[in-house]
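Visitor: So the chains spell out like this:
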Amino acid sequence: MMGAKAAANNGVRTDSVSLLANECKVGHECVSGSGSIRNALMASLRNDKNPNVRLAALEGLQPYVAADERVRDAVLQALMHDANANVRTQAINLLQPVDSDSSVRQAMRTVSTTDENPYIRNTSMQVLEGASGIQ
Amino acid sequence: MKLAMQIGVALAAMTAGASVSFASSGTALGAQNALLAEAGAHGGGSSASGYLGVDLRDISQDELSALKLKDAHGAEIVMVDHDAPAGKAGLRERDVVLQMNGMAIATKDQISRMLRECSPGRIITLLISRDGQQMTVTAQMSTHEEVDREAWEHHVVAPDLDFDAGAADSRTAAASQPSPQVRGGNSFIGSLLTSSTNTGAMMEKMPAQLAGYFGASAGHGLLVSSVKPESPAALAGMRAGDVVVRADGKPVASTNDWTKAIKSAKGKPVAVVVLRDKKEQTLTLSPNAGKRSGLEYPVLQMQRAPATIARLGLSWMPSL
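Chains as they are written, first to last, in the working numbering: chain A, 1 to 135; chain B, 136 to 455.
To be clear, the hints were calculated from the coordinates, so they are not data collected in a lab. We put the CB at the ideal spot given by N, CA and C, even for glycine. Misleading hints may appear alongside valid ones.
[To be verified] Partial list, derived from the structure: chain A residues whose beta carbon lies under 7 angstroms from chain B:
{"id": "1", "residue": "Ser-100"}
{"id": "2", "residue": "Asp-101"}
{"id": "3", "residue": "Ser-103"}
{"id": "4", "residue": "Gln-106"}
{"id": "5", "residue": "Gly-133"}
{"id": "6", "residue": "Gln-135"}
If we strip away everything but chain A, and leave its shape as in the complex, we get:
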């Protein structure tokens, strides 16, 4: 956790966050206990200056997007605000389990018209084409 949080070296932080992500993926502390790993991953996703670190954080958060509203919202923020197109693209992929949520669809609507990346605009538009039967 200290490596994910405090390391000055990008590689160290990436490796640290990847380790935390693996912990989350196998469901260790992310499920039980204080959930501090999940918080650390969300903080890395929000704050880290290195896109590889943020991508690693996204990977670790993937299993919790549908179950934890905070995770979903953190990923939504990444979709709307992250400077890196790969992070934003991965955020769209992660949001697939909750793409019926109004907040997700609003974010997709915004991104589909305003994102500078045509692939992201197109992908978010495709997401919006689903879930038409929801009532």
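Once you've looked at the hints, dock chain B against the given chain A.
Guide: What follows is chain B alone, placed relative to chain A:
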């Protein structure tokens, strides 16, 4: 064992949107549920279709064992809008709706029709089967627009989150604050972040084409996307669709400009020039700087990172 449910939620909690509770009888919905449904029928007042936030499908014979059902009656929930009454009520994908307001559900079309006929505000009662266990769920129908609005507000209001924060309850905690790794060209200014000002107006930067549509020159003005009722912005006469071009005599090209103008006023009235129907209008806005607004798009500004933060590898800090 079949676990049955009974609603334990007070009718008075109509504003809560929804609730779920377990009961002690596996029979059909009782009089209490019928009462709830009837009371909910008067809770609306709009003729528009209500919104629950589910997508459903018919049950096929192949799914009976997987869903632990005895027969193919009911409608399976295949999608849930977690921001909508369905999500708040705790409905999940793969839940099977067996009854609605005491009426047995045979097909997806039947419940779809019943949902369409429910006006916003009405409380509905669903008997569902989840992994073979039955439970009763109540939810208050809303509208698409209301759910969208609430979801957006919730999305914007964002408590801080740090590495050491304890875990909050799932699906109850507020959104996390936006990443400082925001886009915004070379200005590094975010467009959707919380602010310490409290005008009640949601604003965002506009792409050039949209700016042209509203009559603003490219790169200038902030589009007001919504205004909270009874807020300082609303009292000043600001409306969604206005474009704020000047505040306190200074051009507004970014949320940073806006926040600076409001903050520098220190609670005193600020002259705000907006474009409305492509014509300038001057509004007098009295900001309330003492509260934090979740409805305003504020500013993230790049700052020189303090040494302690630099050591942590975090090179960005919000400046609000």
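Visitor: Each hint: holds or not?
Guide: Each hint tested on the structure:
The restraint placing Ser-100/A at the interface with chain B holds, with a minimum CB-CB distance near 4 angstroms, inside the 7 angstroms limit. Satisfaction of the interface hint for Asp-101/A is found here, the shortest Cβ-Cβ separation to chain B being roughly 5 angstroms, below the 7 angstroms cut-off. Using the Cβ-Cβ criterion of 7 angstroms, the hint placing Ser-103/A at the interface with chain B is satisfied: the shortest such distance is roughly 4 angstroms. The closest approach between the C-beta of Gln-106/A and any C-beta of chain B is roughly 6 angstroms, which is under the 7 angstroms cut-off, so the hint is satisfied.
Evaluation of the Gly-133/A hint against chain B yields a held restraint, the C-beta minimum of about 5 angstroms falling below 7 angstroms. At about 5 angstroms, the closest approach between the beta carbon of Gln-135/A and any beta carbon in chain B falls short of 7 angstroms, and the interface hint on this residue holds.
Of the hints listed earlier, there is not a single one the structure fails to meet.
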